[in-house]
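Protein chains in written order, with the numbering used here: chain G, 4 to 520; chain U, 68 to 432; chain Z, 20 to 414.
Hints may contain errors.
What the hints assert, rightly or not - The list that follows gives simulated cross-link-like pairs (lysine to any residue, SDA-like), each with its CA atoms no further than 20 Å apart:
1) Lys27(Z) <-> Ile410(G)
2) Lys27(Z) <-> Ile370(U)
3) Lys197(Z) <-> Ile324(U)
These are computed hints drawn from the structure, not numbers from a lab.
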Amino acid sequence: MKATKKVSPVNLSRKLEDNLKNIKDSLGESSDIIIREMKISSNANVDAAVIYIDGLVDRDLVSRDILQPLMFNLQFIKDKVGQKNSSLLGCIKSSVLTVGQVETTENIDSIISSVMTGQTAMLAEGSIQALVIDTKGWEKRAIESPENEISIRGPKDSFTETLRINTALLRRKIRDPNLSLVSMQIGQRSKTDVVIAYIKGITPDNLIEEIKQRLKRIDTDAILDIGYIEQYIEENPLSLVPTVGTSERPDVVTARMLEGRAAILVDGSPMALTVPFLFVEGFQNPDDYYARPFFASFVRIIRLLGFLLSIYLPGIYVALKSFHPELFPTPLLITVAAAREGHPFPVVLEALLMLILFEILREAGLRLPRSLGQAVSIVGALVIGQAAVSAGLVGAPMVIVVAATAIASFMVVPFADTGALFRLIMTIVAGFLGLFGMIIISLEVLSHLAALRSLGVPYLSPVTPLNTSDLIKDTWLRAPLWALGSRPAFLDPLDKKRQSPDQKPHPPQNNPNERKS
Amino acid sequence: MLEKGRISSFQLSVLLVGFVLGSSIIITPGGDAGHDAWIAIALGLMEGSLIALIFTALVLRFKDKTIIEINDLVFGKVIGKLISVLFLWYFLHLGALVLNDYVHFFRLELYPATPRTVMLLIIMLVCASTVNRGIEALARCSLILVPLTISVIFLVTMFLIPHFNLNNLMPILDLPIGKLLWSAHSVASFPFAESVVFVMILAFLNKSEKGGRAVSKALIIAGLVLIIASIRNSAVLGPMVAAYNYPSYQAVQVIDIRDIFTRLEILVAINFITMGFLKISVLLYGTVLGLAQVLNLQSYRPIILPVGILMVILALTNVANTIELFDFTHKIYPIYAVPFQIIIPLITLIIAKLRQLPKTDGGMP
Amino acid sequence: MKNRQQGKISLVILLSIISVFIVGCWDSRELSTLSLIAGLGFDLDPATKRATLTYQSIVPSQVKPSPSMGGGEGKQTGSGGLQSIQLDHDTGLSPYEVLNRYTQHGSRIPFYQHTQVIVIGKAAAEHGLYPFLDTVIRNPAGRPNILLAISDNKASDILAVEDGMENIQAVGMANIIKLSARFSKYPAVTCLDFTSRFIGKTTAPVAPIMGVFEETGPEGKRQKKIRINGTAVFKGDKMIGKLNEQESSGLLWVINQIEKGFVIIPEASLEIIGSKTKIIPELTGGKIKITVEIEEEANLIQYNNARNITPDLIHQLEKAQAREIESQVKAVIKKSMALNADIFDFGGAVHRKYKKEWKKMEPRWDDIYPTIEVSVKVKTRLDEIGDINKAIMTE
């Protein structure tokens, strides 16, 4: 806080000319700053000016609801000012402008910062006040269906870059007055609006305090995306795993808020950040809750399996082949040995080559324009899959392993990038120390995760520290919704009860319409 | 307080199970009792539980105090420190012995060419980094590793049921009673009463009144697992069980279900790595925390690596070969461990009772 | 403060781990540097005391040609003899010395973890197996469930036979042994079984005997084939005798290793579906009496006479079957008494029941064993009679 220079507020003077000069000096010579000077009053003797930034304001609104009334209702203004002994601006505010939100200010700095956010300022000769009129209205993206978190049965809306729309999306899901949106501005230059959203009475107060503390600590020039916030508030910034969750889906964010988490929204980012974020959350998907419980539980276990496979499979293959050939069942070993015969590289190198090639392909396909991306993946598939094998550079089983790993790695999205790093580490270790090394590294990672916290909540809860009911009900298994009676205890919500206990549906006791056959 | 973390009695139990399974998961205790090993384990469990009663009673009498602080209170600063140093030596030596078990097993079965020093250092680094994260992280690790290990043991036992020959367990009590009792005592001293190192950890229970039950529960569960493993090994390997160095490892090699579920012995090795990791970490933690308390250090973290490396050096120098290690563990260790496991805690407890320690201060009962 | 320390410690850890990688990989064994030994033969020349080992190793490139080698070669392997295995021999004074010689001619490191079967020559078996057995059991690479077989001549002859449906001859041999055990003809004996009996002092180890026979093939070519033709009986580490086919099944009946198989009696064939044997020792006045109780259940699968099956007939068949089993069992008991080799673990049964008396008996077991009175009780049950309930031809 000490670093920010407190600019002494310069008050407006009575002379419009001076004021405009001051403002021009502060704003500089940018072409998008419009200062429209005019005369208002029937005898055209009062100078006035309207200041706004082109592109940030709704032009229609400015011309229809500000400029037009000011210029066409001259007589009316004169009458009004004449009638009552009120000030010119007060009269304009109360009777002329047909815009919803109008405030008065006397400070040049606040005028400037308002203008920067898309408001329109109006100054008049002889007045030490200025009107700040809310005319925000820039080109914005419509609400679209989520691109990255696809759900089959769930709602199809997602956040956009506009903060207000995003908060509105949350409000529409939770019509509880307890939904609190605390806003603040972060970034010396960007002055980005940041909103902490939580439900009062569920989210523990100390969590909100902690988040506020951490957000206030941020003192940087600009916040361009939610990712900036993420990196500034993480508990263990050197960890390879994420400790804050992100989502582009309002339904996911509201669901997490209802469990007792808090969300952070940033203007200009189509993502919301939720804290605390725990390991098991990575394996939960909105569809789990929209679908019936059995398949949802099954899919969660499959996700865990896929995640483990995506990390360990290449490593295990390398370790078995180059350290523990005795562990292959004999028929499999003979097949594998036959496939390995005559290949020039050691298995580790082969595996690393394929894995890195895969990462290259993935990254290239991701960044290239969509049309080119497809070409890349086709070429890549051909090179990796077909040519490398038939040229005898890489064994066919290795291609199968890497392909299976690649597919499995996309199952658990929040850990996809973490997984890629762990996979490489595991493969390298497997090549040098075999399974022993892999286990040792796994133990190190496990103890790291066990010590890790996300805003005070142990990262591996509810698995360890153990909370049996949470573990059984909503971790790898998903109990039916009517059985999820309480919010997760590890989040320490203020209101533990979620629903009344007798939610299990049952057939009607005596149905009058029962068919008698 | 050097350690700020607190663990629940459940976490303590699980950690203790992992500690007891430690190296006994691969070196099934009571091996010299042949097919009666399971009886020796059961008897040893009883003796071990009695021993555990002594030290838990002692530590829980002084809430929130480790044995080092208790020694200072009971014996005064000088003698107390001396006794504390004896304990520290025991923990350090025990840690070195477990490291030895580790290295001998892996170098025999899986990594004949990897230098011992490298292997020991790798293990020690992982344990040191875990100890560095505090008792909470260690307890949480055990909460994942121990259930995993026990389920692997059960899975493997299931797979071996077709190879069981229960005749191998007969006749029960084939051994002369003296030999059986000796074997039972050696089981009590390794692994059950080794849990005496928890005198360093019991102080961090969040509800100390539950400590006694937590310890006995853990010992019983670990004992049951060991009994099952021992019965399985005898039933599968028959008289060869006494001949093999690592019977569990050999027994699991027998598994062959349709040519696919076969060659699963690596699971035993993995179990050993994980449980040994817990055991070494607990011992390292005990040594390091104790040393920090003896020396009145501000934090125990800076001395983790030095002590760990000391443990490695001790492991490298204390035995020359496998048979010496086995000889020591079978013949000398059961007597060597008695003062640390029974006598000192018992004397401390008696003196504490006589001197009516801890003194209750300020009228609090 | 704390963070900086943690950072330092993790840096140290990281550096050490990296240095391990730079220096490391001591135990890495690339698959392509290993020679997978599928079958191992052990022979001993009794005159010179020189041991010969025969290795049957897998040639991976010939087993299943990878696609890159072109598709056509797959068939060649089948018709052009068995190139997928390679035979090597070495001779020396002790088993391990011989194992070591492999490196003089082998281009790859021998790898024994996938050995399917160990064949021991007859001469070696009669001379004593201890040094070889110790080599196999002590070596961590020797797995406890490798199958053992005795050759009725030289082990190298058996391993040299090019026969069978399997690419790898040793796999085929292992399958032969397993199949004959599954159909209750000859015991399948692993190293673990063999050594368990060996360490048990009074119990005599057994192992199936394999032989080579010649047969005229379809094109008039003489073909060598392998078959199991008996069970070797050991006393200590020396082979002292041989059980024939009937005695071998008798052995399986007594040691409760009947799984499936057939009992052939003059008028019918019966398929065994289950059997349980109890060995009940009884000690009266210093004399041991052993009762072998067999309870068997079978299905009728073939009947020679064109008669309808009646309950009476079933009863008769059950009795005839019991007689047949009894005769097999009696034959093997007689043979084992004659050899004075306790292949049934009767000693173990006595030990289990009379553990105090056993202490005195154990050293004298060789004297006691031939005097044991063994009675056999067989109870059989016929269950199903097959798909037809009427004779398809009447007399």
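Proposed proximity, Ile324(U) with Lys197(Z) (alpha carbon, max 20 Å): This hinted pair holds, its Cα atoms lying about 14 Å apart.
Given hint Ile370(U) paired with Lys27(Z) - CA-CA distance at most 20 Å: 13 Å, holds
Pair hint Lys27(Z) and Ile410(G), alpha-carbon separation not exceeding 20 Å: Distance ~37 Å between Lys27(Z) and Ile410(G) Cα, so the pair is violated.
Hint 1 from the list above is the single one not met by this structure.
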